[in-house]
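Asks: Numbering-wise (full-length UniProt numbering), the sequence shown opens with residue 1 and increments by one.
Simulated from the structure, these hints should not be mistaken for lab results.
Warning: the hint list may mix true and false statements.
Said to hold, decoys possible - The calculated label-pair distances, taken between Cβ atoms and stated as ranges, are:
(1) L161 with A91: 29 to 35 angstroms
(2) E174 with D122: 34 to 40 angstroms
(3) N117 with E174: 30 to 36 angstroms
C-beta: ideal position from N, C-alpha, C; glycine also.
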Amino acid sequence: MVDQTGHSASEPAVIAWISIGSNLAQPVQQVQKAVQALAELPDSKLLWRSHLYRTEPVGGVEQPAFINAVARLQTHLPAQVLMQALQNLEALAGRQRSAEVFWGPRILDLDLLSHGNLISHDPGLRIPHPRMSERAFVLIPLAEFDPALNLPGCGCIADYLPAVADQSVTRLPESAMPKETLPMHRASA
(Lines of atoms letter the chains of each structure in order from A; the text may use other names.)
(Lines give C-alpha, C1' and ligand atoms only; values in the text may rest on other atoms or scores of the structure.)
Protein backbone atom coordinates (compact mmCIF):
# COMPACT_ATOMS: atom_id res chain seq x y z
CA MET A 1 0.00 0.00 0.00
CA VAL A 2 1.31 3.46 -0.91
CA ASP A 3 0.20 6.51 1.09
CA GLN A 4 -0.15 10.17 0.07
CA THR A 5 3.60 10.81 0.54
CA GLY A 6 4.38 8.25 -2.16
CA HIS A 7 6.06 5.66 0.03
CA SER A 8 5.07 2.23 1.15
CA ALA A 9 3.52 2.06 4.62
CA SER A 10 5.23 -1.31 4.97
CA GLU A 11 8.75 0.20 4.97
CA PRO A 12 10.58 -1.24 8.00
CA ALA A 13 11.10 1.13 10.92
CA VAL A 14 14.62 2.44 11.38
CA ILE A 15 16.29 4.79 13.84
CA ALA A 16 17.26 8.14 12.36
CA TRP A 17 19.37 10.75 14.14
CA ILE A 18 18.74 14.40 13.31
CA SER A 19 20.80 17.45 14.25
CA ILE A 20 18.82 20.63 14.98
CA GLY A 21 20.33 24.10 14.97
CA SER A 22 19.38 27.77 14.80
CA ASN A 23 21.05 31.11 15.39
CA LEU A 24 18.42 33.51 14.02
CA ALA A 25 14.88 34.63 14.92
CA GLN A 26 14.77 33.41 18.54
CA PRO A 27 16.91 30.26 18.19
CA VAL A 28 15.62 28.51 21.33
CA GLN A 29 12.06 28.83 20.05
CA GLN A 30 13.13 27.69 16.57
CA VAL A 31 14.64 24.53 18.06
CA GLN A 32 11.56 23.98 20.25
CA LYS A 33 9.28 24.25 17.20
CA ALA A 34 11.52 21.90 15.23
CA VAL A 35 11.39 19.26 17.99
CA GLN A 36 7.58 19.51 17.99
CA ALA A 37 7.49 19.27 14.18
CA LEU A 38 9.70 16.16 14.27
CA ALA A 39 7.26 14.60 16.75
CA GLU A 40 4.47 15.20 14.22
CA LEU A 41 6.14 13.70 11.14
CA PRO A 42 4.02 10.97 9.51
CA ASP A 43 4.96 7.33 10.04
CA SER A 44 7.50 8.40 12.65
CA LYS A 45 7.85 8.63 16.41
CA LEU A 46 10.14 10.98 18.30
CA LEU A 47 11.89 8.75 20.83
CA TRP A 48 14.32 11.16 22.46
CA ARG A 49 15.95 14.55 22.17
CA SER A 50 18.98 16.01 23.84
CA HIS A 51 19.20 19.06 26.01
CA LEU A 52 19.83 22.35 24.24
CA TYR A 53 23.39 23.54 23.78
CA ARG A 54 24.78 26.99 23.01
CA THR A 55 27.62 26.60 20.54
CA GLU A 56 30.03 28.88 18.76
CA PRO A 57 29.68 28.83 14.96
CA VAL A 58 32.22 27.00 12.82
CA GLY A 59 33.45 28.01 9.40
CA GLY A 60 34.78 31.50 10.07
CA VAL A 61 31.66 33.51 9.18
CA GLU A 62 30.90 36.26 11.73
CA GLN A 63 27.48 35.38 13.25
CA PRO A 64 25.64 34.79 16.54
CA ALA A 65 26.04 31.63 18.61
CA PHE A 66 23.86 28.66 17.70
CA ILE A 67 21.38 26.70 19.76
CA ASN A 68 21.76 23.00 18.94
CA ALA A 69 20.22 19.67 19.87
CA VAL A 70 19.87 16.19 18.40
CA ALA A 71 16.80 14.00 18.12
CA ARG A 72 16.32 10.25 17.84
CA LEU A 73 13.45 9.31 15.56
CA GLN A 74 11.93 5.94 14.79
CA THR A 75 10.61 6.20 11.26
CA HIS A 76 9.13 4.23 8.41
CA LEU A 77 10.02 7.03 6.00
CA PRO A 78 12.74 6.19 3.48
CA ALA A 79 15.85 8.35 3.86
CA GLN A 80 15.14 10.49 0.77
CA VAL A 81 11.55 11.15 1.93
CA LEU A 82 12.75 12.01 5.45
CA MET A 83 15.41 14.35 4.03
CA GLN A 84 12.75 16.12 1.97
CA ALA A 85 10.49 16.39 5.05
CA LEU A 86 13.37 18.01 6.99
CA GLN A 87 13.98 20.49 4.19
CA ASN A 88 10.26 21.29 4.10
CA LEU A 89 10.34 22.02 7.85
CA GLU A 90 13.31 24.33 7.31
CA ALA A 91 11.43 26.17 4.55
CA LEU A 92 8.33 26.49 6.76
CA ALA A 93 10.53 28.13 9.40
CA GLY A 94 11.68 30.66 6.80
CA ARG A 95 14.98 29.18 5.61
CA GLN A 96 15.89 30.23 2.08
CA ARG A 97 18.85 28.12 1.03
CA SER A 98 19.44 30.10 -2.18
CA ALA A 99 19.99 33.33 -0.19
CA GLU A 100 22.37 31.86 2.43
CA VAL A 101 26.06 32.37 2.98
CA PHE A 102 27.94 29.05 3.08
CA TRP A 103 28.29 28.06 6.78
CA GLY A 104 26.53 31.31 7.62
CA PRO A 105 23.58 32.05 9.92
CA ARG A 106 20.54 29.76 9.82
CA ILE A 107 16.98 30.29 10.97
CA LEU A 108 16.73 26.49 11.12
CA ASP A 109 19.14 23.75 10.13
CA LEU A 110 17.99 20.13 10.23
CA ASP A 111 20.65 17.59 9.24
CA LEU A 112 19.97 13.91 8.78
CA LEU A 113 22.95 12.39 10.59
CA SER A 114 22.04 8.73 10.08
CA HIS A 115 19.16 6.58 8.86
CA GLY A 116 19.22 2.99 10.06
CA ASN A 117 22.24 1.19 8.60
CA LEU A 118 22.22 3.21 5.38
CA ILE A 119 25.49 4.51 4.01
CA SER A 120 25.00 6.82 1.04
CA HIS A 121 27.54 8.84 -0.93
CA ASP A 122 24.90 10.36 -3.21
CA PRO A 123 25.55 14.15 -3.35
CA GLY A 124 21.89 14.81 -2.42
CA LEU A 125 21.89 12.30 0.44
CA ARG A 126 25.20 11.85 2.25
CA ILE A 127 24.76 9.47 5.18
CA PRO A 128 26.33 9.42 7.66
CA HIS A 129 26.55 13.20 7.67
CA PRO A 130 30.06 13.87 6.33
CA ARG A 131 31.21 16.31 9.05
CA MET A 132 29.39 15.09 12.14
CA SER A 133 32.54 13.49 13.59
CA GLU A 134 34.20 16.94 13.49
CA ARG A 135 31.42 18.88 15.22
CA ALA A 136 31.11 19.10 18.99
CA PHE A 137 27.58 20.51 18.57
CA VAL A 138 26.59 17.11 17.14
CA LEU A 139 28.84 14.75 19.12
CA ILE A 140 28.19 16.11 22.61
CA PRO A 141 24.38 15.85 22.34
CA LEU A 142 24.75 12.35 20.83
CA ALA A 143 27.05 11.40 23.72
CA GLU A 144 24.36 12.62 26.11
CA PHE A 145 22.23 9.74 24.82
CA ASP A 146 25.11 7.23 24.97
CA PRO A 147 28.86 7.93 24.61
CA ALA A 148 29.28 4.37 23.32
CA LEU A 149 26.71 4.96 20.56
CA ASN A 150 27.91 3.49 17.27
CA LEU A 151 26.52 4.95 14.07
CA PRO A 152 26.93 3.09 10.77
CA GLY A 153 29.78 4.49 8.73
CA CYS A 154 30.92 6.65 11.63
CA GLY A 155 31.74 4.40 14.56
CA CYS A 156 31.74 5.11 18.29
CA ILE A 157 30.84 8.69 19.21
CA ALA A 158 33.21 8.72 22.21
CA ASP A 159 36.19 8.10 19.92
CA TYR A 160 35.69 11.53 18.30
CA LEU A 161 35.12 13.61 21.43
CA PRO A 162 38.81 14.34 22.24
CA ALA A 163 39.33 15.91 18.80
CA VAL A 164 36.50 18.44 19.37
CA ALA A 165 37.31 19.30 23.00
CA ASP A 166 38.44 22.80 21.99
CA GLN A 167 35.04 23.69 20.45
CA SER A 168 32.81 25.82 22.69
CA VAL A 169 29.63 23.98 23.72
CA THR A 170 27.54 24.95 26.77
CA ARG A 171 24.53 22.95 27.90
CA LEU A 172 21.52 25.14 28.63
CA PRO A 173 19.40 24.50 31.74
CA GLU A 174 16.34 22.26 31.39
CA SER A 175 14.16 25.33 31.85
CA ALA A 176 15.18 26.36 28.31
CA MET A 177 12.63 23.85 26.97
CA PRO A 178 9.00 23.64 28.08
CA LYS A 179 8.04 20.59 30.14
CA GLU A 180 6.19 18.95 27.26
CA THR A 181 9.44 18.78 25.28
CA LEU A 182 11.90 17.95 28.07
CA PRO A 183 14.22 15.02 27.33
CA MET A 184 12.62 11.62 27.51
CA HIS A 185 14.30 9.02 29.65
CA ARG A 186 16.73 6.94 27.66
CA ALA A 187 15.20 3.73 29.02
CA SER A 188 12.00 4.45 27.09
CA ALA A 189 13.92 5.05 23.88
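Asks: Determine which of the earlier numbered hints do not hold for this structure and return their numbers in increasing order.
Replies: none
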